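Chain by chain, the residues run as shown.
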Amino acid sequence: MRENTNIFQNIDWLSILLFFTLVLMGWGNIYAAVFNAESNSIIDFSERYGKQLLWIITTVFLAILIILIDGSVYSTLAYPIYLVSMLSLLGVLLFGKEISGARSWFVLGGFSIQPSEFAKFATALALGRFLSTKPRDLTRFKNQLSAFIIIFLPALLIIPQPDPGSALVYAAFILVLYREGLSPAYIFIGFSLAILFILSLLIDPLYLTVALAMLALIIWFITRHAKRFIWRIIIIFGICAAFIQTVDYTFNNLLEDRHRNRINILLGKADDPQGIGYNTNQSMIAIGSGGFSGKGYLQGTQTKFDFVPEQSTDFIFCTVGEEWGFLGSTLLILLFTIFFFRLVFLAERQKSTFARVYGYSVAAILFFHFTINIAMTIGLAPVIGIPLPFFSYGGSSLWGFTILLFIFLKLDAYRWQML
Amino acid sequence: MQRKHLFYFFFIAVGLVFTGRLFHIQVIKDEYKLSARNNVVRQEKIYPGRGLIYDRNGRLLVGNQSAYDLMVVPANVQLEDTLAFAQLLGIPKESVHNRLSRAKSYSPVKPSIFVKQLSRSHYAYLQEQLHNYPGFFPQKRILREYRTKAGANVLGFIGEASPQFIKANPGYAKGDLIGKTGIEKSYEEVLRGKTGTEFKLVDVHNRVKGSFADGVYDTLPQPGYDVHSTLDIELQKYGEALMQNKRGSVVAIEPATGEILCLVSSPSYNPELLVGRERSKNYSKLYLDSIEKPLFDRGLLAEYPPGSPFKVINALIGLQEGTITPNTTYTCHHGFHYGRLHVACHCGTGYPISLRTSISKSCNNYYCNVFKGIIEKYPSSQEGMNVWSRHVKSFNLGRFLNNDLPTGRRGLVPDADYYDRNLGYTGWKAVTTISLGIGQGELLLTPIQMANMTAAIANRGFYYTPHIVKKIGSEPIEDPNFTQPKYTTIDSSHFGVVIEGMFDVFDKGTARWSKHDSIEMCGKTGTAENPHGQDHSIFIAFAPKDDPKIAIAITVENGYWGSRWAAPIASLMMERYLTGEVDRPAMEKRMMEGDLSEEYQKQLQKLYANQLMAEAQEP
Chain S
1 MRENTNIFQN
11 IDWLSILLFF
21 TLVLMGWGNI
31 YAAVFNAESN
41 SIIDFSERYG
51 KQLLWIITTV
61 FLAILIILID
71 GSVYSTLAYP
81 IYLVSMLSLL
91 GVLLFGKEIS
101 GARSWFVLGG
111 FSIQPSEFAK
121 FATALALGRF
131 LSTKPRDLTR
141 FKNQLSAFII
151 IFLPALLIIP
161 QPDPGSALVY
171 AAFILVLYRE
181 GLSPAYIFIG
191 FSLAILFILS
201 LLIDPLYLTV
211 ALAMLALIIW
221 FITRHAKRFI
231 WRIIIIFGIC
241 AAFIQTVDYT
251 FNNLLEDRHR
261 NRINILLGKA
271 DDPQGIGYNT
281 NQSMIAIGSG
291 GFSGKGYLQG
301 TQTKFDFVPE
311 QSTDFIFCTV
321 GEEWGFLGST
331 LLILLFTIFF
341 FRLVFLAERQ
351 KSTFARVYGY
361 SVAAILFFHF
371 TINIAMTIGL
381 APVIGIPLPF
391 FSYGGSSLWG
401 FTILLFIFLK
411 LDAYRWQML
Chain E
1 MQRKHLFYFF
11 FIAVGLVFTG
21 RLFHIQVIKD
31 EYKLSARNNV
41 VRQEKIYPGR
51 GLIYDRNGRL
61 LVGNQSAYDL
71 MVVPANVQLE
81 DTLAFAQLLG
91 IPKESVHNRL
101 SRAKSYSPVK
111 PSIFVKQLSR
121 SHYAYLQEQL
131 HNYPGFFPQK
141 RILREYRTKA
151 GANVLGFIGE
161 ASPQFIKANP
171 GYAKGDLIGK
181 TGIEKSYEEV
191 LRGKTGTEFK
201 LVDVHNRVKG
211 SFADGVYDTL
221 PQPGYDVHST
231 LDIELQKYGE
241 ALMQNKRGSV
251 VAIEPATGEI
261 LCLVSSPSYN
271 PELLVGRERS
281 KNYSKLYLDS
291 IEKPLFDRGL
301 LAEYPPGSPF
311 KVINALIGLQ
321 EGTITPNTTY
331 TCHHGFHYGR
341 LHVACHCGTG
351 YPISLRTSIS
361 KSCNNYYCNV
371 FKGIIEKYPS
381 SQEGMNVWSR
391 HVKSFNLGRF
401 LNNDLPTGRR
411 GLVPDADYYD
421 RNLGYTGWKA
431 VTTISLGIGQ
441 GELLLTPIQM
451 ANMTAAIANR
461 GFYYTPHIVK
471 KIGSEPIEDP
481 NFTQPKYTTI
491 DSSHFGVVIE
501 GMFDVFDKGT
511 ARWSKHDSIE
521 MCGKTGTAEN
531 PHGQDHSIFI
541 AFAPKDDPKI
551 AIAITVENGY
561 WGSRWAAPIA
571 SLMMERYLTG
581 EVDRPAMEKR
591 MMEGDLSEEY
601 QKQLQKLYAN
611 QLMAEAQEP
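Chains as they are written, first to last, in my numbering: chain S, 1 to 419; chain E, 1 to 619.
Only chain S is shown next, with the shape it has when bound in the complex:
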């Protein structure tokens, strides 16, 4: 065991560099999105860029604080933090302030806090703690169930706010469980069902069922010498057929109109650029109009003149696309991708299960946010309102992601003492 007291020598500076690069780029783009020629003071706290600047400054102190706190605290306090977090999610349903149709916020003085942004790291801590206290065999149903409860309890509490986007993020933890031994079948089945889900929305359920039946017959024909396959084929086909019917029913009866519309537009079944598809359409216009090298900083017209909704929060990527073009957009994607690789690399080098699980959770959550957010702005996913990590305007999300990341960086720097 090597003794090293200087935490700042052990900490992963590449991650910190990436973190600050993204945060500052984000701030620059928030400034551009809100920018108007009349008000030119950078430190104008009535404007979003001014407020965000305050949040960024506070995150520096927050980060330093997290790094200075003893590394063992996080494991020790994982469950209490999780408990407090779940209580805050419960509390926000009861006492929260409703803003634009969702009861997701506590308002304290001039600031509002979104508990669901903080529940992510709490859940990551709890999951790490659960998997690390003793060896858990994730092929066993009992352990699977416990892990799923830890993951999906916050999601269940967030859904009624309603904030389906934030709830969906918790699906990212399945990837973490996979790393820790969960059968890949879960992921495979998950993907298959997702594809089947989309297909059953696009194609008439009857035709789809017939097509699947023919596929089953072909597979049976190829494998007809191995008798034991027959039953499997029949069972899988039966499950698929039932799923198709369920989806059809769920989609038409259980989903709200706006969600149904968003999905329909994404699938190309409905086209209404002035109505519900307006957001996606304007977002793609903004990004597409950026061209190869962009219109230049502060020169974007689509974002500046409010054509893109939520341009400083969920649709912040539009500003990047419009003003920095293909070059800037791909640079941003590259930075994030490098960041994800780095996080997985760091997670893999952890000596303790707790830190590794936590690290993978960080990578998975950030990756999930990144994927859904950008896919939404370029018309590859329905409009799901979740922020782009470090980039989007919003104190709660910036603090949430900072805490999430820096606890892991602390654990990583502290990994020698964790043995």
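In case anyone wonders, no lab produced these hints; they're calculated from the structure. Note that the coordinates shown come from a computational prediction; the quantities given were computed from them, not determined experimentally. Warning: the hint list may mix true and false statements.
[Said to hold, decoys possible] Pulled a few chain E residues facing chain S out of the computed Cβ check, cut under 8 Å:
(1) Arg3
(2) Lys4
(3) Tyr8
(4) Phe9
(5) Val14
(6) Thr19
(7) Gln26
(8) Val27
(9) Lys29
(10) Ala36
(11) Phe199
(12) Lys200
(13) Ala213
(14) Val216
(15) Tyr217
(16) Leu220
[What the hints assert, rightly or not] Where chain E lies over chain S, by a calculated footprint (3+ residues, C-beta under 8 Å):
(17) 13 to 19
(18) 170 to 181
(19) 234 to 240
(20) 371 to 378
(21) 395 to 404
Each residue gets a CB set at the ideal place from its N, CA and C atoms; glycine is no exception.
Assemble the complex: chain S is given as a structure, and chain E must be docked to it using the hints.
Positioned in the frame of chain S, the structure of chain E alone reads:
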């Protein structure tokens, strides 16, 4: 495979998918760039001031006023209280919906006109409220403002360019106003100016945020050139006053220049009717009035057999051809008799009369003989007819004036071909066409042709093509068509005796009741037979005799005979033009108050009765 590799696979896959998608929408596809421009760039037209129209004495006749069209971009409209909005605009509630859906069907994102031509006062009130109604914005328009109620037909009006017109003239766009008639039409090119364009950046609420690309694509509007017409608006007004309640025309020309002094067509209309929001309603009312035909410019378009005034031309041709001399006499026995042909005459002489007397007495017999003489001078009627026809046409009759008025008629001056076609080569001779001698028969002239013919007589043999504009901007017109004299085929030496005859018409002839004590006027009465009803009253005149300043032609439809209406009106007009006032109040009063509407009613009833009869006779 290690489990972390699945993560790597996802990271790379998502990165590649995103990069590919971005490449597709940012680099390959152009439609987003276009949509982005459509989003933020609003093209605003700045209409230039249309050139002003002045009269010959520098009095402003047609000016400009601004009005505002309320434009709409349907996609941006958020109309909550339709009723309040409708009340604000002063239109019914359903109309708001109709207009919106019409605009939407044109384009949901491009601006189109919602309400046309709001007045300035209405606009000022509306402007205060307009910010409550996103999607609507005003666009300034230049409308005409008439400083006179006279001369509506000759000044013309402007209106929105038709789709066909825009197709044929790429310089115009939907919503542009163009000259439709009169000077507005023929001088459209110079009056129009150049429309400017401003490209403005707008935000999602259609609020202007600044100019696009610092205005490098903007163009300034260029106002049109002012036009000085040849009209004397006072004379025009006076002519219209004299012609009220009568149908017909007064065309006056300055013989020394060919400038049209007045072009009265009666009945006319108030030009202000065709400006503003009521325009289309008023226009269809005027357009559909098939009885009064106020939009029909009789001075340019009506064709009449000229009647007796044409005798002057035959006298000149006879002199030129040498078939008569000033001393040639004929004796009239109540008309011209040849075989079974009789042309009645009411000159009442019965003794041998000379050329000069024949004009003042308007003897039909004399001119039948003159005409017969001209035709029969040549071996064949064809040759004779063609010689005659050529002389007549040299007065610019039977063909278009080809001038700066947008409309006109050829009239009809027959030649040998014409009769060969209709009657066969051997089917006619001089006496067959003898009516031409007294200005009847197939002959048709427009009033402006008659006025020009009179000017040519006043000038003793030449004329300038009558035109309506003398100055464009500050430059006098240079078109040789208008500035070079055109000579008739008659030597100027022949005009003296004819003019003396025309002087006698006022002095002691058919128009002696219209004589003026101090102005030497020359004229010729006409009573044009009208196959559709009562005769037309016609008169041509010029004055003063030796230094003609004005040549004039008057037609009063169904006005019985020349001296009854046309001659006094001509006399008053000339007096007014030459002295600036009128000292014959009784005659003036009689003319102004003269009302032929009962006569027109009668004509209409007759026409209607004939129609009914014709229908009844059909099996």
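Open item on the list: Hints numbered earlier in the text: which of these fail when held up against the supplied structure?
Closed with: 4, 11, 12, 13, 14, 15, 16, 17, 19 and 21
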